[in-house]
Amino acid sequence: MYDVPHGRNEVAVTDVKITARNVQVYYGDTHAIKDVNVEIESNTVTAFIGPSGCGKSTFLRCINRMNDTIDICRVEGDIRIDGDDIYDKRVDPVQLRAKVGMVFQKPNPFPKSIYDNVAYGPKIHGMARNKAELDDIVERALRRGAIWDEVKDRLQSPGTGLSGGQQQRLCIARAVATEPEVLLMDEPCSALDPIATAQVEELIDELRQNYAVVIVTHSMQQAARVSQKTAFFHLGNLVEYDDTTKIFTNPEDSRTESYITGRIG
Amino acid sequence: MQDHISSAFDRDLEGIQARIMKMGGLVEQAILDAAQALETRDQELADQVRANDRVIDDLEELLNEEAARVIALRAPTAVDLRVILSVMRMSANLERIGDLAKNLAKRNAVLMSMPAISGSTSQLRRMSRDVQIMLKDALDAYIQRDEALARDVIERDVDIDQMYNTLFREFLTFMLEDPRNITPCMHLHFIAKNIERMGDHVTSIAEQVVFLVTGEKPEEPRQKEDNTSTDLGLSSMQGRGV
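Sequence order for the protein chains is P and R.
If you read the first sequence in my numbering, its first letter stands for residue 1, the second for the next number, and so on.
If you read the second sequence in my numbering, its first letter stands for residue 1, the second for the next number, and so on.
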């Protein structure tokens, strides 16, 4: 395996939401992301795939500046959402993260009630003027998270008391409560059983109506099932970015082919 | 191409490909034997071709089962998926060629009871020999992932079509000359048509090789040279006062 990007990265994108240009990420001396250029579409699920340590999660975390919290991490290049540079000094990362929601690998509900889990974001961003408005926001978010029917009668019970799959959908509801435009998901189903995974995947497809969804996944079958576009990362390079169907049936780059057919890990 | 991390997956794919090659070898032999039985009026050999077709049918069944199992258990993608898809289509083509060879052998008994039509069986044998070589090359192209050889096979089907056209006219002439030739010539014509159909199936196998290697079906459809279906045969009748 050679260490140069040369695959097909230019892909016809219609409605661009996120543009990344010449993005480099360093952890101390380690060059983790090497000159990544990518355009991510609105109302599309984009999957990032690649072996462990290929940089897919690192790149995902650049999109809502989660890497800011790591001292030795340095991000260079240009990432824009709707044309606005998210690394501009005037951008408040907290506001950015309201616009760019994130769901993590392990469900991580706050040790609070189901209601408060969802209400927390809207409250700190001052989205509701009174209790009735907040109730509405919480209900809408829980419905979007496809969990409302299961929790509507026990909104005051602790979120941590739900099953793993329910917790993850609660976290998705929490992420959409602040009305984000982009939803980042870092292996959202890796801790879930197949049924809960199917429910979350169904939810991801519905969320696409309203958001640009970017999902990092180790399950290639999941990427094939839920995404319309797929980006393959290898050794910090974006090797190939194309329609998911193309990537999984006839990829351009031999490294992509080797990875998706289970020849390199 | 490197091996899979899962060596069992490699073994599955190798097993399937070994089986399709075995099937291909049996079909090649069936073509040759059927044509030889025809020329040498060898009923025993013809019966053998008919009996052997069962083995070819069983192999197709087996290949379909194995392909379905790999799809279910290993969710093949990209080139692996194309191996499975192409094997499934190729085994269907091979099974059809086997049937056509069996049909040749079936007509042997009837033809043996009639006077021979001069020269026709040796021409048919040449034609089936060419089809068999095309099949051999298509299968070699498959194993070697040789796109150029596969495209060459696709080109060569034109020759088979032309041979069929020639025979079609020849049989027409024999039938016009003497009505007693009609029955054997009808049988011989079906045989020629069957060999021409074998050529089409071989072409389809070669197209699967192109698909396997490139991920795309060959772009332009091959020029059809068999125009007997639109030809009323009038040209053969002209000048004969019929």
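Please note that the accuracy of each hint is not assured.
Chain R regions said to be covered by chain P (calculated; three or more residues, Cβ under 8 Å) [to be verified]:
id: 1; region: 7-13
id: 2; region: 68-78
Taking CB as the label site, the calculated pair distances span [stated by the list, open to error]:
id: 3; chain 1: R; residue 1: Asn227; chain 2: P; residue 2: Arg21; range: 30 to 38 Å
id: 4; chain 1: R; residue 1: Gly25; chain 2: P; residue 2: Val16; range: 52 to 60 Å
id: 5; chain 1: R; residue 1: Ala72; chain 2: P; residue 2: Tyr27; range: 55 to 63 Å
id: 6; chain 1: R; residue 1: Ala72; chain 2: P; residue 2: Val16; range: 35 to 43 Å
id: 7; chain 1: R; residue 1: Ala72; chain 2: P; residue 2: Tyr120; range: 40 to 48 Å
id: 8; chain 1: P; residue 1: Ser190; chain 2: R; residue 2: Ser229; range: 53 to 61 Å
id: 9; chain 1: P; residue 1: Asn210; chain 2: R; residue 2: Arg151; range: 46 to 54 Å
id: 10; chain 1: R; residue 1: Glu219; chain 2: P; residue 2: Arg21; range: 32 to 40 Å
id: 11; chain 1: R; residue 1: Arg69; chain 2: P; residue 2: Ser157; range: 40 to 48 Å
These are computed hints drawn from the structure, not numbers from a lab.
Cβ atoms here follow ideal geometry from the backbone N, Cα and C, with glycine treated the same way.
List in ascending order the numbers of the hints, as given earlier, that are violated by the structure.
Hint check: 1, 3, 5 fail, others pass.
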